[in-house]
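J.: On the provided structure of chain A, position chain B as indicated by the hints.
The primary structure of each chain is shown beneath.
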Amino acid sequence: MSNIAESTAKKLDGVFNPRSVAVVGDKQAIGYMWLRSLSHFKGKVYSVQIDPNELPGIAELGVENYLNLMDIPGPVDYVIASVPRAVAPKIVEDCIQKKVGGACFFTSGFAETGTEEGIRLQQVITDLASKAGLNLIGPNCVGLYNPEIGLRHTEAQAYGEAGSVGFIAQSGTQATLFSLMGQHHGIKVSKSVSYGNAVVLDSTDFLEYLGADDKTRIIGMYIEGVKDGRRFLNCLREVASRKPVLIWKGGETEAGARATASHTGSLAESSVVWQAAIKQCGAIRVETLDEMIDAIKTLLYVKTGIGTRLGLIAMSGGQSVAVTDTFAKAGLEIPLLTNASYQSLASFFDIIGGSYRNPLDISSTFFMAANGVSNLVSMLDVLDQDPNIDCIALELFPAARPLSHDPEAKDPVLGAVSDFTEKTGKPFVVIVPEVYSEALASEARERLMERGIASFSSFERAAKTLKKLADYYQFRKEQSQGEDDG
Amino acid sequence: MPSKIISNARKDKRTVLTEIESKQLMSEAGIPVIESRLAKTKAQAISISKEMGFPLVLKIVSPDIIHKSDSGGVKLGLGNAAQVGRAYSEIVAAAKQANPKAKIHGVSVQKMAKPGVEVIMGMSKDDQFGPVLMFGLGGVFVEVLKDVAFRIVPLVRRDASQMIREIKGYPLLEGYRGQEPANITVLEDLLLKLSDFIDKTPEIKELDLNPILAYSDGAVAVDARVILESQT
Chain A
373 MSNIAESTAK
383 KLDGVFNPRS
393 VAVVGDKQAI
403 GYMWLRSLSH
413 FKGKVYSVQI
423 DPNELPGIAE
433 LGVENYLNLM
443 DIPGPVDYVI
453 ASVPRAVAPK
463 IVEDCIQKKV
473 GGACFFTSGF
483 AETGTEEGIR
493 LQQVITDLAS
503 KAGLNLIGPN
513 CVGLYNPEIG
523 LRHTEAQAYG
533 EAGSVGFIAQ
543 SGTQATLFSL
553 MGQHHGIKVS
563 KSVSYGNAVV
573 LDSTDFLEYL
583 GADDKTRIIG
593 MYIEGVKDGR
603 RFLNCLREVA
613 SRKPVLIWKG
623 GETEAGARAT
633 ASHTGSLAES
643 SVVWQAAIKQ
653 CGAIRVETLD
663 EMIDAIKTLL
673 YVKTGIGTRL
683 GLIAMSGGQS
693 VAVTDTFAKA
703 GLEIPLLTNA
713 SYQSLASFFD
723 IIGGSYRNPL
733 DISSTFFMAA
743 NGVSNLVSML
753 DVLDQDPNID
763 CIALELFPAA
773 RPLSHDPEAK
783 DPVLGAVSDF
793 TEKTGKPFVV
803 IVPEVYSEAL
813 ASEARERLME
823 RGIASFSSFE
833 RAAKTLKKLA
843 DYYQFRKEQS
853 QGEDDG
Chain B
-11 MPSKIISNAR
-1 KDKRTVLTEI
9 ESKQLMSEAG
19 IPVIESRLAK
29 TKAQAISISK
39 EMGFPLVLKI
49 VSPDIIHKSD
59 SGGVKLGLGN
69 AAQVGRAYSE
79 IVAAAKQANP
89 KAKIHGVSVQ
99 KMAKPGVEVI
109 MGMSKDDQFG
119 PVLMFGLGGV
129 FVEVLKDVAF
139 RIVPLVRRDA
149 SQMIREIKGY
159 PLLEGYRGQE
169 PANITVLEDL
179 LLKLSDFIDK
189 TPEIKELDLN
199 PILAYSDGAV
209 AVDARVILES
219 QT
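Sequence lines, in order, name chains A and B. Positions 373 to 858 (my numbering) are the ones given, in order, by the first sequence. Positions -11 to 220 (my numbering) are the ones given, in order, by the second sequence.
If we strip away everything but chain A, and leave its shape as in the complex, we get:
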């Protein structure tokens, strides 16, 4: 890593791990959301507010209020400013004078409005902060989330434990949604940041920081635009060679580009060039938050080295056809098995109401057999041993056979799937489609998640994710071979 990168990482470390936080301008109208979000912060929390009407509400939360940032007796490592835009320059000046570690401006109404006043005010705070070297995050963002120390931007976010996934989002909503949705998919955030208009600190600075952060194993990014494309590329290439980086580029369509201009004031870039950039750097491109979640979940819970040759097990003939089409359309292969595999399958498979070429349609052998679960295990074992198969996907159909409601109870299917996950050397995923009860399906997915088994809510999502990851592992393989050759 270059010296510049080291110094960026060092300077941001204090901001991501503050010991004291001051909230400037929190108020009743937004339910004191900022002070409340800090209710479990492991450090000092101060409020700065001059409106006498707000003081009782702040006192009720048990937070010490000051009339000016400068009046706070100790050092302030991180400031969250939620003030009217006209006051922003004054608060930036105070932050500089107080020598705070960094400041996030939730305040919006700057260049993204396209108005003269907004653009002028953005320039004023940019100039002030750049000249003084203030670590300004935003404006027009929700800033940092560090669950380990209880630094959050909404009370709904988890706290107390550091996860392994870093998230960098231009949009505050995407940062919040990722952390909240992630909780249901076994994804725990190490640190995340939303950085809005990126007037001083940009995505590249945060990528450098999380790239160097030992607790962060995987990095997700939602980007609308970057300030310095070449610097971003160099940083992305370097970080992506060490840990998976997933990029969701907002504003890929013309209409979307117009939306980004009025959202964070980012300039539209050609989407084909972005796609090339992501591919060239060995990052993983996703197009929605769902795809982001699915891919990260797979990276976390599924064995590495996913290949393109799938062994599929479906619960009925119709689903066998549907799953095969979906996986094939996504660019995956569903090859024939070896003769040895067919010989083993023939010994127990009931071909009346089922078939086993690949996919394995197991309705009669599973649902209608007394030893259905042990048959399922045998089929999984056959796929596990078959050299034509890189990766195994199993459909479960909880509407027909619900998994146990009680997580402590020993559900035989869940037990068999769990044991197989531990035992198999191959990447293995489960698909629990909604079918006719989302409640049952989502419960089944939760049970699987508790056991560290990645499951998907549709064949499409599973297929798309596995193809993405297969491409990623292929790229990494070629990359390391290239290095060996060169």
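These are calculated hints, taken from the structure and not from any lab test. Everything numeric in this text was worked out from a predicted model, so none of it was measured. Each residue gets a CB set at the ideal place from its N, CA and C atoms; glycine is no exception. Some hints here could point you the wrong way.
As the list claims (entries may be wrong) - Listed next, the in silico BS3-like pairs over lysine-lysine satisfying Cα-Cα at most 30 Å (straight line):
#  : chain 1 : residue 1 : chain 2 : residue 2
1  : B       : K56       : B       : K(-8)
2  : B       : K1        : B       : K89
3  : A       : K399      : A       : K462
4  : A       : K599      : B       : K113
5  : A       : K383      : A       : K471
6  : B       : K156      : B       : K193
7  : B       : K188      : A       : K599
8  : B       : K134      : A       : K839
9  : B       : K156      : A       : K701
10 : B       : K156      : A       : K839
11 : B       : K102      : B       : K181
12 : B       : K113      : B       : K(-1)
13 : A       : K849      : B       : K(-1)
14 : B       : K181      : B       : K193
15 : B       : K30       : B       : K84
16 : A       : K675      : A       : K701
17 : A       : K599      : B       : K193
18 : A       : K471      : A       : K414
19 : A       : K849      : A       : K839
20 : B       : K56       : B       : K193
21 : B       : K1        : B       : K134
22 : B       : K56       : B       : K181
23 : A       : K599      : B       : K134
24 : B       : K193      : B       : K134
25 : A       : K701      : B       : K134
26 : A       : K470      : A       : K560
27 : B       : K193      : B       : K28
28 : A       : K416      : A       : K470
29 : A       : K849      : B       : K156
30 : B       : K56       : B       : K91
As the list claims (entries may be wrong) - Pulled from the structure, derived: some chain B residues nowhere near chain A, Cβ distances all over 10 Å:
#  : residue
31 : A17
32 : K99
33 : V128
34 : D147
Claimed, not checked - Beta-carbon label-pair distances, calculated as ranges:
#  : chain 1 : residue 1 : chain 2 : residue 2 : range
35 : B       : S204      : A       : Q495      : 37 to 45 Å
36 : A       : G690      : B       : I172      : 40 to 48 Å
37 : A       : D756      : B       : E217      : 55 to 63 Å
T.: What follows is chain B alone, placed relative to chain A:
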């Protein structure tokens, strides 16, 4: 140290290089091009044609005419000196008619290349990411189907290899209905040479090699067009 071709154009305050200049520049970058020689008169065209041998192609050389074939500026398959002389007069007349103010340097005389798979390579600059290389199959594939792949300069071999295989028309490069297959390694080499050259030559704003004819044992650029950054 920029090429003499670039400094000459700069001296003339030109940003558009002629085909002959563009090809010389490509040749300096190690890209094989069909040799083109400038004929400033009909007599010169005829004498060059006798030296080169037939069949030949004549093309207008003018910094003011970019779409040469649209303005009657290209004559193909010329089989003897008489045809070359007539083609010279027709091309110059057509150019003057298409653009009376066009500055005409003369006509380029070049050998007719043997048929191969037509591919194109080009470079344009992205505001954020800088120079971007493009690869595609020539003609209808690029113009109508937009079947092209992009990579940001500089490329490594993996990028070159992937971008060639990424286009939908890739099977055509592997040989189709008995057509001679293109040598993919040669195309990768060309992309890498271009990338390297562009990386070292920031003066270039846009570049087009269209078409490049790809063969089983090589490839050659039949036409080249280079536009320089305007001087500030």
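J.: Evaluate each hint against the coordinates.
T.: How the hints compare with the structure:
The straight-line distance between the Cα atoms of K56 (chain B) and K(-8) (chain B) is roughly 25 Å, inside the 30 Å bound, and the hint therefore holds. For the hint pairing K1 (chain B) with K89 (chain B), the CA-to-CA distance comes to about 17 Å; that is within 30 Å, so the pair holds. A distance of roughly 19 Å separates the Cα atoms of K399 (chain A) and K462 (chain A); the hinted pair therefore holds under the 30 Å criterion. Using a Cα cut-off of 30 Å, the hinted pair K599 (chain A) and K113 (chain B) holds, with the two alpha carbons roughly 16 Å apart.
A C-alpha spacing of about 13 Å is found between K383 (chain A) and K471 (chain A), which places the hinted pair at or below 30 Å, so the restraint holds. The hinted pair formed by K156 (chain B) and K193 (chain B) meets the criterion: a straight-line CA distance of about 28 Å does not exceed 30 Å. The straight-line distance between the Cα atoms of K188 (chain B) and K599 (chain A) is roughly 23 Å, inside the 30 Å bound, and the hint therefore holds. Restraint check for K134 (chain B) and K839 (chain A): satisfied, since their Cα atoms lie roughly 24 Å apart, inside the 30 Å limit.
Proximity of K156 (chain B) to K701 (chain A) is assessed by CA-CA distance (about 15 Å); at most 30 Å being required, the pair is judged to hold. Between K156 (chain B) and K839 (chain A) the CA atoms are separated by roughly 18 Å; this keeps the pair inside 30 Å, and the hint holds. Between the alpha carbons of K102 (chain B) and K181 (chain B) the distance comes to roughly 23 Å, so the proposed pair stays at or under 30 Å and holds. Under the criterion of a C-alpha separation no larger than 30 Å, the hint pairing K113 (chain B) with K(-1) (chain B) is consistent with the structure, at around 23 Å.
Note on K849 (chain A) and K(-1) (chain B): the hinted pairing is violated, with a Cα-Cα distance of about 49 Å set against a maximum of 30 Å. At roughly 17 Å between alpha-carbon atoms, K181 (chain B) and K193 (chain B) fall within 30 Å of each other, so this suggested pair holds. A threshold of 30 Å between alpha carbons decides the hint, and for K30 (chain B) with K84 (chain B) the separation of about 16 Å falls inside it, so the pair holds. The straight-line distance between the Cα atoms of K675 (chain A) and K701 (chain A) is roughly 23 Å, inside the 30 Å bound, and the hint therefore holds.
Proximity of K599 (chain A) to K193 (chain B) is assessed by CA-CA distance (about 21 Å); at most 30 Å being required, the pair is judged to hold. A distance of roughly 21 Å separates the Cα atoms of K471 (chain A) and K414 (chain A); the hinted pair therefore holds under the 30 Å criterion. Our distance criterion of 30 Å between C-alpha atoms is met by K849 (chain A) and K839 (chain A), whose separation comes to about 15 Å. With a C-alpha separation of about 20 Å, the suggested pairing of K56 (chain B) with K193 (chain B) holds against the 30 Å cut-off.
Distance restraint check for K1 (chain B) and K134 (chain B): the Cα-Cα separation of roughly 34 Å exceeds the 30 Å cut-off, and the hinted pair is therefore not satisfied. With a C-alpha separation of about 27 Å, the suggested pairing of K56 (chain B) with K181 (chain B) holds against the 30 Å cut-off. Between K599 (chain A) and K134 (chain B), the direct Cα distance comes to roughly 29 Å. Compliance with the 30 Å bound is thereby established for this hinted pair. Between K193 (chain B) and K134 (chain B) the CA atoms are separated by roughly 21 Å; this keeps the pair inside 30 Å, and the hint holds.
Distance hint between K701 (chain A) and K134 (chain B) is fulfilled; the C-alpha atoms sit about 22 Å from each other, no more than 30 Å. Our distance criterion of 30 Å between C-alpha atoms is broken by K470 (chain A) and K560 (chain A), whose separation comes to about 34 Å. At most 30 Å may separate the alpha-carbon atoms for a hinted pair to count; K193 (chain B) and K28 (chain B) meet this at roughly 28 Å. A distance of roughly 16 Å separates the Cα atoms of K416 (chain A) and K470 (chain A); the hinted pair therefore holds under the 30 Å criterion.
Restraint check: the Cα-Cα separation between K849 (chain A) and K156 (chain B) comes to about 24 Å, which is no more than 30 Å; the hinted pair holds. Simply put, K56 (chain B) and K91 (chain B) have alpha-carbon atoms about 14 Å apart, close enough for the 30 Å limit, and the pair holds. Non-interface call for A17 (chain B) relative to chain A: holds, since the shortest CB-CB distance, roughly 21 Å, exceeds 10 Å. Under the 10 Å C-beta cut-off, the non-interface status given to K99 (chain B) relative to chain A holds; the minimum distance is some 35 Å.
Consistency note on V128 (chain B): stated as away from chain A, and its beta-carbon is indeed over 10 Å from all of that chain's, at 19 Å minimum. Against the 10 Å criterion, D147 (chain B) falls within the reach of chain A, whose nearest CB is about 6 Å from its own CB. Hint check: S204 (chain B) to Q495 (chain A), Cβ distance near 59 Å, so the stated range 37 to 45 Å is violated. Distance hint for G690 (chain A) and I172 (chain B): a CB-CB separation of about 42 Å, consistent with the stated range 40 to 48 Å.
Judged by the Cβ atoms, the range 55 to 63 Å given for D756 (chain A) and E217 (chain B) holds: they are separated by roughly 59 Å.
In the structure shown, a violation is registered for the earlier hints numbered 13, 21, 26, 34, 35, in ascending order.
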